[in-house]
Amino acid sequence: MRTSRTLAVVLCAVALTATAACGKDGTPGAAASASDAPKLPTYTVKTDAKVDSPIIAEARKRGQLIIGAKADQPNLGWEDVASGDRSGFDIEIAKMVAADLGFTPQQIKWQTLVSSQREPAIDKGQIDFYVGTYSINDERKKTVSFAGPYYIAGQDLLVKQDNTSITGPESVNGKNVCTATGSTSIKNIQQYSPKITQFDTYSACVEKLLSGEVDAVTTDDAILKGYASKYAGKLKVVGKPFTKENYGVGLKKDDAVLRNAISDALKAHEDNGDWKKAYDATLAASGSAAPDVPALDRY
Amino acid sequence: MGFLFEDDNFALFRDGFLQTIEVSALSALLALLLGTLLAAFRVSPVPVLRAFGTGWVTLFRNTPLTLLFFAVTFGLPPLGVHFSHLVFAVLALGGYTASFVCEVIRSGINTVPLGQAEAARSLGMTFGQTLTMVVLPQAARTVLAPMSSVFIALPRNSAIAGAFSVGELYSAQQTFSERGYSIFAIFFWVACAYLLISATVATFFRFLESRLAVAR
Amino acid sequence: MSLFNRPATASVLYDTPGPKARARYRLFGVLSLIGVAGLLGYVFTALADNGQFDADLWDAFQYNTVQQRIVDGLLATLEAFGLAALFSLTLGALLAAGQLSDHKPVRWACTAFTQFFRAMPLLILIVGLYYAFFAQQPMWALVLGLTLYNGAVQAEIIRSGVNAVPRGQGEAAYGLGMRKTQVMMSILVPQAVRSMLPTMIGQLVVTLKDTSLGFVITYHELLFVGKAIASQPINAAGFPYIPVVLVIGPLYIAMCLLLTALARWIEARGRRGANRRTSAAA
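Chains as they are written, first to last, in our numbering: chain A, 1 to 299; chain B, 1001 to 1216; chain C, 2001 to 2282.
Bear in mind the hints are in silico, worked out from the structure with no lab data behind them.
Glycine included, C-beta positions come from ideal geometry on N, C-alpha and C.
A portion of the hints provided could be inaccurate.
[Stated by the list, open to error] If you anchor each label on the Cβ, the simulated ranges turn out as follows:
hint: 1; chain 1: C; residue 1: Ala2046; chain 2: A; residue 2: Thr164; range: 25 to 31 Å
hint: 2; chain 1: A; residue 1: Gln161; chain 2: C; residue 2: Ala2037; range: 35 to 41 Å
hint: 3; chain 1: A; residue 1: Thr44; chain 2: B; residue 2: Asp1008; range: 36 to 42 Å
hint: 4; chain 1: C; residue 1: Ala2046; chain 2: A; residue 2: Gly84; range: 47 to 53 Å
hint: 5; chain 1: C; residue 1: Pro2190; chain 2: B; residue 2: Phe1010; range: 49 to 55 Å
hint: 6; chain 1: C; residue 1: Phe2116; chain 2: A; residue 2: Gly84; range: 24 to 30 Å
hint: 7; chain 1: C; residue 1: Gly2038; chain 2: A; residue 2: Arg62; range: 19 to 25 Å
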């Protein structure tokens, strides 16, 4: 008994040191990014930015801007698990805004939050603002404020490549449909009365779709196209968006100064072409050309 | 506090409550059956079965329940096992609790003095008679107290199922906080529901204890 | 110890087997070995057929940065566990003292507190604390939640331990003219802790496992890291959920077994000490 336990401990220790010793540098899947891909724009940091908001004052004092984002959405909000590098359209938007608020990309501290954690995190100040497929709607405006929209998506369905029975929201009646807890997608799909499966992330849903547990995953097409491009040949997007989702930057309710500053930053980068460049370098890889820039809604 | 009686909130809360009870009851059943089987393995004269029982208990007792939920919900479908999420939750929770039930039963059997069984056998009792008339009645009394804490813990642990697509009380709590109600009010009602469940289980076990109690 | 020497295989359930029974046991042994091996073999081949052992799916674990993240997650888990263990034992001792108090209001309040937090699901407690007070420091929501829940459980363990000390011990101490505090501190509690130590450390194992609930509130502990790795569709092979479970699970099991081994060691030491004292007294 005693010897077997000691042996187990020794084996564990050996296994741990062995894995630590033979680590590879670099990141998994890094080779996949082609060299002729469009280059990401760089943003000039406005060092003299004056934003009279308590949140920014606090961020300046700590020398870090804490931005909430998603981590598992290809080409939108993505964190490379090996290097910790973030990439995607939402990430670029966050960087543009941060630059205009006077923060370099190195000064951004990313905080991964799943959909259902967004409102409390913004409301309680865990993050300074949130950029991650965050649809603007009236119910959310009760707890948080939005700057934007900076992109317009539509809710769609992701199915297996060989699925011909699901052609749009009308055909999901009684089917198993997966979506994320706390997302707008749940409420939108509910009226078509499918059986709903909920997880905290969309990647869990996609896993369930791949293993055949659910028939479809529903959320915004921008997110789904990212997964479809990752699993080309296995999954496809139905391609009939049935809602309009305005993506905004979520921030503390009634901080008008910060909201205007973020709106100004979005406007400036949309006008100088950074928005388009960022899109081409990120979301375009999911397979659709850049749409028109949506008009800002300053309320 | 009053938010519970607005809109369809009460229906959601009630469904969550019933779902919690359903998951807990099914898991309790599975845990009891599987736990008894594992305990039988662990006290059996066959070394392979003993090793299997020990392995199961070591594995399941020392793994976080959340990780077990992950393993079951995402590990079984690739193996060709497809169930509803309720069943997955019952499998994870039942398998986890079974390892505790097994240990309780095993230690209960071990507390019965060896002389009792020997006396029974020397009176000519068969294995079945020894087990049902001498060993188990004595083991049951010592087992009851630890067993009650295992089964009071079970409905509490079932909250984790809420994070794995089972619409029980925890997911009702999540939905309410998304709807923007005060966290304290939500917490109050959810706490009441769980207190009710655990009080019921505790009363049940106290009743059993009083039924089985003997003057010593 | 019994007066009679029994064979090591003696059990309350069955007699020492004779030649016929031994043959039957061997048959059962072979059959169950085949059964268990078949089950394991089926799981293994099913996983392999499903491509779960493809190198692609395990690729992430080869990188230094990923390994570093797992180690960081491990440390975060241990940090939360260390704090929660310390605080919950302290709180448990205080609550147990309160429950055994002679003052009715104190006793009543401590009992109510203990019973309430013993009945609350930890997940709901942690999430409630996180949303209500600790959105900026998820670790403290986790630590405080673990402390409240496990403190209540530890209090019950200590209290039942004190109550289980033979009544004569306390009566004798009072008879010697000791005050209540003295009786508690030098007679009852030391005996209670010795007899309850395995249960208390067993509860610490539960505390360690429950730190994994931190993933719900964005605390970057081991399971959070594992989930982050698992939700990366690195390639067309799918999400590495099973590899992550196969890597993270053994880490947790190893930690818990180490803690249990520590409990056994302390218990053995305590018993040795006790024996020495009794033999010296005799």
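Each hint, compared with the structure:
no. : hint                                 : result
1   : Ala2046/C with Thr164/A: 25 to 31 Å  : holds (29 Å)
2   : Gln161/A with Ala2037/C: 35 to 41 Å  : holds (38 Å)
3   : Thr44/A with Asp1008/B: 36 to 42 Å   : violated (51 Å)
4   : Ala2046/C with Gly84/A: 47 to 53 Å   : violated (34 Å)
5   : Pro2190/C with Phe1010/B: 49 to 55 Å : holds (52 Å)
6   : Phe2116/C with Gly84/A: 24 to 30 Å   : violated (41 Å)
7   : Gly2038/C with Arg62/A: 19 to 25 Å   : violated (59 Å)
Checked against the numbered hints given earlier, the structure breaks hints 3, 4, 6, 7 and satisfies all the rest.
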